[in-house]
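Residue numbers (full-length UniProt numbering): 1 to 307.
Do not rely on the hints blindly, as some may be mistaken.
[Claimed, not checked] When the alpha-carbon atoms are kept at most 20 Å apart in a straight line, the in silico EDC-like pairs for lysine to aspartate or glutamate are as follows:
| hint | residue 1 | residue 2 |
| --- | --- | --- |
| 1 | Lys127 | Asp169 |
| 2 | Lys142 | Glu94 |
| 3 | Lys142 | Asp100 |
| 4 | Lys112 | Glu102 |
| 5 | Lys142 | Glu83 |
| 6 | Lys112 | Asp169 |
| 7 | Lys127 | Glu94 |
| 8 | Lys112 | Asp100 |
| 9 | Lys127 | Asp188 |
No lab work stands behind these hints, which were simulated from the structure alone.
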Amino acid sequence: RCRPRLAPEPLHTPGSGQRGGGREGAAQRDRSSAAKAQEEEGGARPNVGARVRLRVPLEAAPNLTSVAVPQTTSLPLPACPEESPLLVGPMLIEFNMPVDLELVAKQNPNVKMGGRYTPRDCVSPHKVAIIIPFRNRQEHLKYWLYYLHPILQRQQLDYGIYVINQAGDTMFNRAKLLNVGFREALKDYDYTCFVFSDVDLIPMNDRNAYRCFSQPRHISVAMDKFGFRLVFRGMSISRPNAVVGRCRMIRHSRDKKNEPNPQRFDRIAHTKETMLSDGLNSLTYQVLDVQRYPLYTQITVDIGTPS
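Please construct the entire structure, taking both the sequences and the accompanying hints into account.
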């Protein structure tokens with residue numbers, strides 16, 4: 001608000017105190033004439049003593065301050081590097097202490113419900129679903145979650161953990177559970193890579209990447225069960241070297257209803273004849289239950305009886 005500048009009143013001189021006389025009277029007459037002319041033009045007589053609102057441009061008022069309101073824009077995250085800088089290499093893997101999954105969840109606060117994790121500082125190009133065929137191995141699963149969640153986070157993967165639990169007590173069908181996990185995981189997220197892992201195998205080096213390459217990847221190359229020797233020599237697949245690819249297996253006796261299939265070698269020999277009709281395109285099962293736990297998603301299914 002600004003007060004307009006008015007013409008100064010004429011000074012009162014001796015002998016001019018009579019109303020309408022001298023310079024003051026002339027000034028008053030001039031103002032009366034101006035006011036009358038304004039009224040004739042339709043304007044109201046101005047109140048000289050009133051305050052007048054003026055619209056002053058900011059650039060014409062140096063004593064006024066204008067403050068720019070900051071705009072918050074989220075910058076896109078960079079892509080995660082090809083090799084994570086968080087890796088530590090060889091690790092000591094032991095199975096001689098009890099594991100509390102509530103404590104494991106607190107130690108991995110960035111893992112979301114259902115066992116989902118996305119790097120916070122970069123965008124991972126590897127959207128990985130890890131499928132675990134499962135039945136009656138709860139203690140083994142605790143060790144797996146305890147060791148693998150920190151490893152997978154250090155590898156900067158965009159990943160989810162799916163435990164595919166076979167209901168009933170019929171013959172355990174590991175391969176069919178893997179196919180079920182593949183199909184069910186895709187209902188959750190646009191995964192581009194699938195890792196099939198046994199619940200009792202733990203990598204001993206976090207440089208053993210749980211992600212996909214240009215061809216199938218054999219992750220558990222050297223197991224302590226086989227004296228860290230490669231038992232499938234000559235397979236044309238990708239694999240880490242025998243030092244990075246070392247894994248420890250939790251010792252256990254063979255489960256009931258999980259005996260070796262006596263027809264397994266014959267079926268492998270005829271894979272080329274059966275692969276177009278035996279697999280995802282002939283998969284039948286029924287989902288009985290889906291549970292989202294803090295560290296993993298468990299899907300219980302009825303896969304029927306073996307054919």
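Taking only the CA atoms, is the gap from lysine 142 to glutamate 94 under or equal to 20 Å?
Within the cut-off at roughly 13 Å; holds.
For the pair we were handed, lysine 112 and aspartate 169, check the Cα-Cα distance against 20 Å.
violated, 32 Å
For lysine 127 and aspartate 188, compute the direct alpha-carbon distance and say whether it is at most 20 Å.
holds, 12 Å
Do the alpha carbons of lysine 127 and glutamate 94 lie within 20 Å of each other, as the hint requires?
Given pair lysine 127, glutamate 94 is violated - Cα atoms ~29 Å apart, limit 20 Å.
Could you grab the alpha-carbon distance between lysine 127 and aspartate 169 and see if it respects the 20 Å cut-off?
violated, 33 Å
For the pair supplied as a hint, lysine 112 and glutamate 102, confirm whether the alpha-carbon distance does not exceed 20 Å.
holds, 13 Å
20 Å limit on alpha-carbon distance, applied to hinted pair lysine 142 and aspartate 100:
Since the Cα atoms of lysine 142 and aspartate 100 sit roughly 8 Å apart, the hinted pair holds (cutoff 20 Å).
Would you mind confirming whether the straight-line C-alpha gap from lysine 112 to aspartate 100 stays at or under 20 Å?
With Cα atoms ~18 Å apart, lysine 112 and aspartate 100 stay inside 20 Å; holds.
For lysine 142 and glutamate 83, compute the direct alpha-carbon distance and say whether it is at most 20 Å.
Outside the cut-off at roughly 28 Å; violated.
The structure fails to meet hints 1, 5, 6, 7 from the earlier list, while all remaining hints are met.
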